[in-house]
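Undergrad: All chains, please: the whole structure from these sequences, using the hints.
Chain by chain, the residues run as shown.
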Amino acid sequence: MHNQHVIGQQQELQQLSQNPQSYLQATNQPLRVASNDFFTIDPYRKRKDQSRISVLQKYEILGYIAAGTYGKVYKAKGKSVNNLNNLYAIKKFKTDSKDNEVIHYTGISQSAIREMSLCKELNHQNITQLTEIVLERKCIYMVFEFGEHDLLQIIHFHSHPDFKPIPELTLKSAIYQILQGLSYLHQNWVLHRDLKPANIMVTNDGVIKIGDLGLARKFNNPLQSLYSGDKVVVTIWYRAPELLLGARHYTPAIDLWAVGCILAELLSLRPLFKGEETKMDNKKQVPFQENQLLKILEILGTPTLDKWPSLNNYPEYSQLSKITQFPSNLKAWYQSNGGTNKNCLKLLFDLLEYDPAKRLNALDSLDHKWFTENPKPVDNIFANSKFKYPQRKIQKDDNDILGNVNNPMFGNHHGYNVGNNANKRAYAGMGVYDEQGRKRVR
Amino acid sequence: MSANYWNSSQRNQWQFTRDELTIARNSLNTTTTTTTTYDSTIKLDINLRIYLHQLIIKLGRKLNLRQIILSTSEIYLQRFLLKVNINEINLYLLITTCIYISCKIEENPQHIRTLLSESRNCWPEFIPNDLTKLAEFEFYLIEELNCYLIIHHPYNSLIELTKIFKNDLTIDEIQSCWSIINDSYITDLHLLFPPHIIAISSIYLTLILSNDEFKLSGGDISKFSNSKIENLVRFLSISNVDLSEVIESVQELLTLYESWCYYDEIYIRNGVHNMLLNK
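Going down the list, the sequences are from chains A and B. Per the UniProt record's numbering, the first sequence runs over residues 1 to 442. Per the UniProt record's numbering, the second sequence runs over residues 1 to 279.
Just so you know, the hints here were simulated from the structure itself, not pulled from any lab data. Take these hints with a grain of salt, some might be off.
Examples of chain B residues lying across from chain A (beta carbon under 10 Å, computed) [unchecked claim]:
hint, residue
1, Asn4
2, Ile69
3, Glu88
4, Thr97
5, Glu106
6, Glu107
7, Leu134
8, Ala135
9, Glu136
10, Cys147
11, Leu149
12, Tyr155
C-beta: ideal position from N, C-alpha, C; glycine also.
TA: Right under this line is the structure:
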């Protein structure tokens, strides 16, 4: 008897799966309704929710550091025995929700998935160390070791209110450690794709920590071109020329270009190529960034086919030829900014090499003459420095990391994509910056 | 690390011994809140695993997904079911969620609506028309996997190995290795051994199966050999690969194919549906 019933039911289901419409019409009655748990993940969910330890049980939130389209970063202190009084930066990802009253699950963004999965595998002293990830109440909290400083803050300190150059040892050690971290990423087939001073943290002990892997991705065996995944990568001022020329396939060399820009910025305390970004038009076509390219040409000179043989293969090559020709001025730029070291200038040339195939790679860069000559780079970039940098300021008006109070910063957007609005980062309490937000596009 | 299996979470967090797997699975029956008194006839045995494997392929074909995406989702499925009892959740929703996440990890993201609607086309009676249910499961699945999402597969090892054995392997045989690896996700092999062991096993098994004498020898792989297999074994001994692990994998794959002969899809499907209706 029992078996017959079961089989009957199964035939119904089978029939239904073949043609649900006709089935419903034929029987004119609803399917047997199972318990409420049928479509949900209960009772599993109840069990998990009961056993989860809240982020607030382990960490005391001291205030928030920064906010952006990705979410918000909080400063926190360990509360449990094994992390007592350690400092952390907790990144809370924005949850896309339909309305401001209730947060709904809408799918984790590609950017969050990348950052979570990569950070769980990465382990290097010059990459921001992930402590743990807490998934709680529809939100993702990534707990990182705390970086008291970052290069943007340090550059600001040295240029305001008066101009005081960064000591050579600090500068050299910082670049060396960035390249060490980058070399580790590239050897593990990870592109960072958003290197800039704001994303380079420095700990209290003067150790560089490359942070924000929200745009990073693996590049071994891609199923589709890197371009089709993300149309625009890297904050405009640090974007390599091949990207500006519309490259569909690009290489780790784009990260080395950004390091070149950072080196120049640490030397002159100003962004090297401070172009203006052409905004996307409504057609969702990626615009040609003429102004940014112009800024590069003004300093590095117009690239030639002779020096960059694949130049005419880039989609925007025709646009490039419309721009006035410039000679190379990098050496003059270097000298006018007080640079005297030949090998440092050489490294700048090697990193800002137009042809990505010829650009210095991260591993080789560690043996560069500038690093092998005295003074050699050191583990503590603040060693022998007379400068004392202020602590990272925090906003204490928002300690509510779980978001019990309704928070209007959460916008609405669905699906898998990374945030697609220009990301103006407000570095809370660090003065007003004209720093450009990075842009991500569907 | 993400490029190197030896430093990966796959090796350091998600590689087990057979005993560990048994203990983990046995403990599911006692610790989890199985609220229903319904005595399910369905167990996570090889038959159910073949069924789940085919569900993944079915949805994957609808979405036109690459094999590597499906393989990654099979690993998520296996790891999840090591920690959660099958009658605690909706298996069809689980499959859909595994694929949703693996598409993102393999950099071929599908919109959640696309995934949900294709999944509902496949199994309309078991997938809710509510994307928040899928997105909710994503959270719990990732939490259960402890956010370890990057997976190392045997396909790269196979490509490297076919360069070494290019004289011993025909195109058809390489294709066969590829298919054996695809099928290996039904078994526990990916929870037990490194990817290259599974790649080597697929070659070993292909060489055995392509030889008629093997069938006559009564299926004992230790007694069977020919020149191609000798080449392979010689290579293994030089390259420090654990031969006993290879033999064990080959044996497990053979067991899989034997079981497959007796696999009854309708019986399993009925069982799964009953379990769901009584959840």
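Undergrad: Look at each hint and say if it fits the structure.
TA: Hints, verified against the model:
Residue-level restraint check for B/Asn4 holds (minimum Cβ-Cβ distance to chain A is 7 Å; threshold 10 Å). Annotation: B/Ile69 was flagged as interfacial toward chain A, and the flag holds, the nearest CB pair being 8 Å apart, inside 10 Å. About 4 Å separates the beta-carbon of B/Glu88 from the nearest beta-carbon of chain A, less than 10 Å, and the hint is met. With 10 Å as the threshold, the beta carbon of B/Thr97 comes within range of chain A, its nearest partner Cβ sitting at about 9 Å, so the hint holds.
About 6 Å separates the beta-carbon of B/Glu106 from the nearest beta-carbon of chain A, less than 10 Å, and the hint is met. The restraint placing B/Glu107 at the interface with chain A holds, with a minimum CB-CB distance near 6 Å, inside the 10 Å limit. For the restraint placing B/Leu134 at the interface with chain A, the shortest Cβ-Cβ distance is roughly 8 Å, inside the 10 Å limit, so the hint holds. A distance limit of 10 Å between C-beta atoms decides the matter here; for B/Ala135 the minimum to chain A is near 3 Å, and the interface restraint holds.
Hint status for B/Glu136 relative to chain A: holds, with the closest Cβ pair at about 4 Å, below 10 Å. With its C-beta approaching chain A no nearer than about 5 Å, B/Cys147 sits inside the 10 Å limit, and its interface hint holds. Against a cut-off of 10 Å between C-beta atoms, the interface hint on B/Leu149 holds, since the closest Cβ of chain A lies about 4 Å away. With a cut of 10 Å, the hint placing B/Tyr155 at the interface with chain A holds, because the nearest CB-to-CB distance is about 9 Å.
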